[in-house]
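Asker: Each chain is listed here by its residues.
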Amino acid sequence: MSGTGKAALLVLISVLTLSVLAPLLPLPDPNRIDLDSLGKPPSAGHPFGTDNKGRDILSRVVHGGKLSIGIALVAAFASAVIGFAVGLTAGYFGGRFDAVMMALVDFVLSFPSLLIAIAISVLLPPGMYTVMIVLAAVGWTSFARLIRGHVLTLREMPFVEAARAVGCSNARIIFLHIAPLCIPLSLVLIGIKLGGFILTEATLSFLGLGVQPPAPTWGAMVSASRAYVLSSSWMVFFPGAAISLTAFSFNMLGESLKKKYDAMKYS
Amino acid sequence: MLLLVPLLLGITLFAFFLLKALPGDIVVSLVGERATPETMESIRREIGADKSFAYQYWGYLKLLSRGDFGSSYYTNRSVLSDIAAKFPNTMTLAFAAMLFAVPSGIILGFIAAYSKDRFAEKCVDALSLSGLSIPVFWSALMVMILFSLKLKLFPPSGTGGPAFLVMPAFVLSIPAAATLARITKITVSDILGMPYIKTARAKGLSPLSIQGVHVLRNALIPIVTIIGLDFGSYLNGAVVTETIFGWDGIGRFTMEGIIKRDYPVIMGCIIVGTVLFVLINLITDLLYHLLDPRIRLHVRDR
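Chains A and B, in that order, give the protein sequences.
To get the numbering used here, take the position in the first sequence, counting from 1, and add 1169.
To get the numbering used here, take the position in the second sequence, counting from 1, and add 6.
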């Protein structure tokens, strides 16, 4: 892995560790409302300042990471599983199922994704699981497309022909011969998608369609403080910076995983 | 173009189904819980909520075929005329954003492609990756703090002349410019490795004609595709950007409709968004032919 990839991984590991260990750290309760310190700028007691309800922003940012990253991870894994299943079957069997599935994938990929996400999150009651479903509903398509493409080349390989010649069933060929070779590609793709998932989760929370208050998520924190942006900029700065840093690191990691994978493929 | 009709039917049916399946009673949220049952019944009849799903959908399609999107539950104004009034604003915003995004994206991409493995390439990479990693709603607020609060250059929000337009257009252009820079970089560095560039150099063509005729011309197809595809991201971004900057366009209209559960408004916006989207794709396809006459439009191998 390249230097930038390692740096990104290091940042991500520290962000994750911090947010998982947040309850053990010497931080104030992220949901404790303190009427004596409403909207205080950053100071020694509150390094990131306090929000309009007097809650400590540093503590909320640290606690918020768990939800945001957790949702993105679960959604990425779910997208990978669905896309993997669809891509494998569509690519291996081809035919009508393949045509229908790829038309669906093309449509979802080309349509403005936020509109689809909004439509689903209006339909389901807002909350953590809805956000995961929304992300997975849009996210599986790119997995399906890429896995299918990979399967199309794999299924013409001599070893598949050989397996068929010795009488392996389709299921055996798919699961034991082809699927394992698609796993590296899926892992790379998970790395690439995570940054986007973090952003979409934050945007949904920002629009009020994500995880509901008082749970601290970065997007919802920016949203709640939006009205105070011109008077108390620190309230929106820190949670947004946390989103950007995390998404940037995920994107960087995905990028370097992809480079590594491409180098492996062509060597 | 023929695809447009079934696509629209599908979209309207899907959107209609989604909206009708929403939890909560629209009539209750319209008149409040304390209204008498009679009032609620009469309003229910007025907006047709007492009829069957198929009947309502058929009624809506009949309305649509007459070019009528119905009227808003709240303001009772025609949705179509509201959209028509706000549409130019969104288009202005999108084109202004393209005005930022297209030159900066292409220039950055070229710089990166020509400075392979040098410092400039790393800078462009970091810049484009940040452009894709910073949430639009946050960059919007940061730009607002910097340019209207600290520097006092532009009004923080509202609809109007160029002064109001600069900030939302810039914010909207960031992710688009980042995508464009990445695609341009990949395409141009691929082209630079092609034998015909070596040939052009060997036969002594001026660097300018190599860049203009051989590199840029061939790089244009993927670039134009991305510009077209990015229109989807303009529509995405417009919802957030217009809401934050108070720009009176379709994006903000959609968001307000969603918050107030104003079905005719949401439906109208989704339909207009879809038509727009299909048209942009069509224009992109047509441009291919202009850019590369070898691509013939009537040949479809799918």
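Just so you know, the hints here were simulated from the structure itself, not pulled from any lab data.
Just to be clear, a hint being listed does not mean it is correct.
Calculated lysine-lysine pairs in the BS3-like style (CA-CA distance at most 27 Å, straight line) [said to hold, decoys possible]:
no.	chain 1	residue 1	chain 2	residue 2
1	B	Lys128	A	Lys1427
2	A	Lys1428	B	Lys209
3	A	Lys1175	B	Lys128
4	A	Lys1222	A	Lys1235
5	B	Lys156	A	Lys1209
6	A	Lys1429	B	Lys209
7	A	Lys1427	B	Lys68
8	B	Lys122	A	Lys1429
9	B	Lys122	B	Lys209
10	B	Lys204	B	Lys128
11	A	Lys1428	A	Lys1209
12	A	Lys1209	B	Lys122
Stretch-level coverage of chain A by chain B, calculated; a stretch enters the list once three of its residues show a Cβ under 8 Å from a Cβ in chain B [stated by the list, open to error]:
no.	stretch
13	1337-1344
14	1392-1400
15	1420-1427
Being a predicted model, the structure only gives us computed values, none of them experimental.
All residues carry an ideal CB built from backbone N, CA and C; glycine is no exception.
Asker: Does the structure break any of the earlier hints, and which numbers would those be?
Answerer: Result: hints 2, 6, 7, 11, 12 and 13 break, sorted rising.
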